[in-house]
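Let the sequences and hints guide you as you build the complete structure.
Quick mapping for you: the protein sequence lines, in order, are chains R and C. Position 570 of the first sequence, counted from 1, bears residue number 599 in the numbering used here, the numbering being contiguous throughout. Position 25 of the second sequence, counted from 1, bears residue number 193 in the numbering used here, the numbering being contiguous throughout.
Hint data in this document are derived by calculation from the structure and do not stem from the laboratory. Glycine residues also receive a C-beta, built at the ideal position from the N, C-alpha and C atoms. This list has only true hints and no planted wrong ones.
Partial chain C-side listing against chain R, Cβ under 8 Å, derived: (1) W195; (2) S199; (3) A203; (4) F233; (5) I237.
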Amino acid sequence: MSVEALTLILVILTFGIYIYIGWWAKARDTASFYVAGKEIPAVANGAAIAADWMSAASFISMAGLIAFMGYDGTVYLMGWTGGYVLLALLLAPYLRKFGRYTVPDFIGDRYYSNSARAVAAIATIFISLTYVAGQMRGVGIVFSRYLQVDIAVGVIIGMAIVAFFAVLGGMKGITWTQVVQYFVLILAYLIPAIAIAFQLTGNPIPQLALTFSDIAQRLSQLQVDLGLKEYIAPFQSLSAVNVFAVTLALMVGTAGLPHVIVRFYTVKNVRSARWSAGWALVFIALLYTTAPAIGVFAKYNLIESLNAKPIEEARQIEWVSKWESTGLLKLEDKNGDGNLSFTGDKNTNEVTIDRDIIVLATPEVAKLAPFIIALVAAGGLAAALSTASGLLLAMSSAVSHDLYYRVFRPNASEAQRLKVGRLMIFLAVLLAGYFGIKPPGFVGEVVAFAFGLAAASLFPAILLGIFDKRMNREGAISGILTGLLFTGIMILLMRSPQIFGTSAPVIKDFLGISAQGIGVVGMLLNFIVSFVVSRATEAPPQEIQDMVEDIRTPEIFDTVDSNTGGVRHSH
Amino acid sequence: MSANHEQQKQEYWKKNIALIRNLLIIWAVVSYLAAIILAKPFSDIQFFGVPLSFWFAQQGSILVFVVLIFYYAKRMDRLDQMITGKAEVSSTKPGKGVSS
Numbered sequence: 030m031s032v033e034a035l036t037l038i039l040v041i042l043t044f045g046i047y048i049y050i051g052w053w054a055k056a057r058d059t060a061s062f063y064v065a066g067k068e069i070p071a072v073a074n075g076a077a078i079a080a081d082w083m084s085a086a087s088f089i090s091m092a093g094l095i096a097f098m099g100y101d102g103t104v105y106l107m108g109w110t111g112g113y114v115l116l117a118l119l120l121a122p123y124l125r126k127f128g129r130y131t132v133p134d135f136i137g138d139r140y141y142s143n144s145a146r147a148v149a150a151i152a153t154i155f156i157s158l159t160y161v162a163g164q165m166r167g168v169g170i171v172f173s174r175y176l177q178v179d180i181a182v183g184v185i186i187g188m189a190i191v192a193f194f195a196v197l198g199g200m201k202g203i204t205w206t207q208v209v210q211y212f213v214l215i216l217a218y219l220i221p222a223i224a225i226a227f228q229l230t231g232n233p234i235p236q237l238a239l240t241f242s243d244i245a246q247r248l249s250q251l252q253v254d255l256g257l258k259e260y261i262a263p264f265q266s267l268s269a270v271n272v273f274a275v276t277l278a279l280m281v282g283t284a285g286l287p288h289v290i291v292r293f294y295t296v297k298n299v300r301s302a303r304w305s306a307g308w309a310l311v312f313i314a315l316l317y318t319t320a321p322a323i324g325v326f327a328k329y330n331l332i333e334s335l336n337a338k339p340i341e342e343a344r345q346i347e348w349v350s351k352w353e354s355t356g357l358l359k360l361e362d363k364n365g366d367g368n369l370s371f372t373g374d375k376n377t378n379e380v381t382i383d384r385d386i387i388v389l390a391t392p393e394v395a396k397l398a399p400f401i402i403a404l405v406a407a408g409g410l411a412a413a414l415s416t417a418s419g420l421l422l423a424m425s426s427a428v429s430h431d432l433y434y435r436v437f438r439p440n441a442s443e444a445q446r447l448k449v450g451r452l453m454i455f456l457a458v459l460l461a462g463y464f465g466i467k468p469p470g471f472v473g474e475v476v477a478f479a480f481g482l483a484a485a486s487l488f489p490a491i492l493l494g495i496f497d498k499r500m501n502r503e504g505a506i507s508g509i510l511t512g513l514l515f516t517g518i519m520i521l522l523m524r525s526p527q528i529f530g531t532s533a534p535v536i537k538d539f540l541g542i543s544a545q546g547i548g549v550v551g552m553l554l555n556f557i558v559s560f561v562v563s564r565a566t567e568a569p570p571q572e573i574q575d576m577v578e579d580i581r582t583p584e585i586f587d588t589v590d591s592n593t594g595g596v597r598h599s600h
Numbered sequence: 169m170s171a172n173h174e175q176q177k178q179e180y181w182k183k184n185i186a187l188i189r190n191l192l193i194i195w196a197v198v199s200y201l202a203a204i205i206l207a208k209p210f211s212d213i214q215f216f217g218v219p220l221s222f223w224f225a226q227q228g229s230i231l232v233f234v235v236l237i238f239y240y241a242k243r244m245d246r247l248d249q250m251i252t253g254k255a256e257v258s259s260t261k262p263g264k265g266v267s268s
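In structure tokens:
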């Protein structure tokens, strides 16, 4: 059976399961629509967080980015995992104790202000929208290669599926779909990695194969011989200050992502919130420690199988011709000698590989069975769709719950709120689809911007809300606005060629920090402005200070207090 | 709410903060110090098939992150238990369930 037919069967099968779960877990009230009825077990929540958060960027782009960046690819590896430490230690347990529906809920209540709520809701929409564009592009790439359809058609199919299970099932449907999607995507990622690790090094465990064999050294030497950068030496692609800034921006951004934070509202209690953060990182680390191994293996295989090969012979390899037809792989015989050569110089290099195809092409390059190639396609779709649905829900709840219900129509009925929630998901899907068809950049890069914005706007406000009792409304609002505006404007100026079509960026970098790391500066400004403004204005009211006290102490004290006849805080 | 509970809450929060601080120091050491600030000198130290800083950057730090979160969850579970134990002490059964 052909790869295309197998892919189609696997995709239909997995999508059938997702849709069934969406229908089975149909949400009937707002609590199950927004926070899955707060009854998700910690391990399942961990898997759902992992699928929710590991997007098309993690699955499709990341190993490719690492393969091209070498050592400096660590900005994605450490950046996207280290944030979970911040999330688990600094935010998750307290947000669960607070226990509402969304991130703007916390910001609005903690800062006793509907303006703060609205600002947080707008930041949520902005972050999620930037992020979801990358997911839809990922869906388009997978479909265009494996089903041989137009990218736009692929995006539309993806939209229809997401719309169905998200609109119907809400958070409950999404959670259980994501649990299944996690297992599809991790199997799809691990199976080819194991096969290639065994092929190249004789050790089937990719993580160990990378460390306990000389494959990384061999690749590094191969690259040096070709005039490319040394693979395992630091700061070849990025300066040290940039590696530092981008890693920090991605870590803090991860901790501030509204669609991830919301997942901690869906568990039973504070204890489950702590444990599910741990489980989430275990599930994520399975993929994230495999990715650098895939990066090395894929790069090594690609260079070995294409370098110095006659161009006509290369074109006869099936995967080469198929990827060439998508335009994501380019072979040009620039020096006219009939052979392909990899070089470090743009003008003489004859093989151009889009970073987004590394993971998708790897099984074919390594000549694995068609079933595995089909599985990778299904995995890529699972990764993109699970994240897209989480983001769509975050966007729709920011509009329907935080803006419509909490700000404009506080007396809306349960049925009205559900209806608006569903309508908003539907609109968000249309918007996401538009960006998928007209993408503003390549997948990994666009996603990194969402992290910068989250780092600069929401993270400081939430952190200060928990750890600084004196932080008030004025400080938080001015901090969020400063961080959001600074980071947004900087990214627009640094990426003006992609966004406004200028011939060169308006500014190249800020103190040596590139667009991806600029969120760190935005975050620092946010902290400073929040602190200064809050100290210059009135302290928050006593009931807010009591609320902070209450968030800091887990449920255990509530039972202690009621056992001994103490008065339980209410807020 | 009794003064005793106020005190317990203060103690709980202080221990929580100290634990968070210590774990974040480890977090910063394995990521920012070992993989970025000391990347060049650590490149000369071999860790099996790869340089030590490369290993921290692409594998080791992630493993440490996982351990940190589970350690935190475990320690906080114990702290929670300690508090319930103490609450029982103050109300009915002296001496039972206290561990530190």
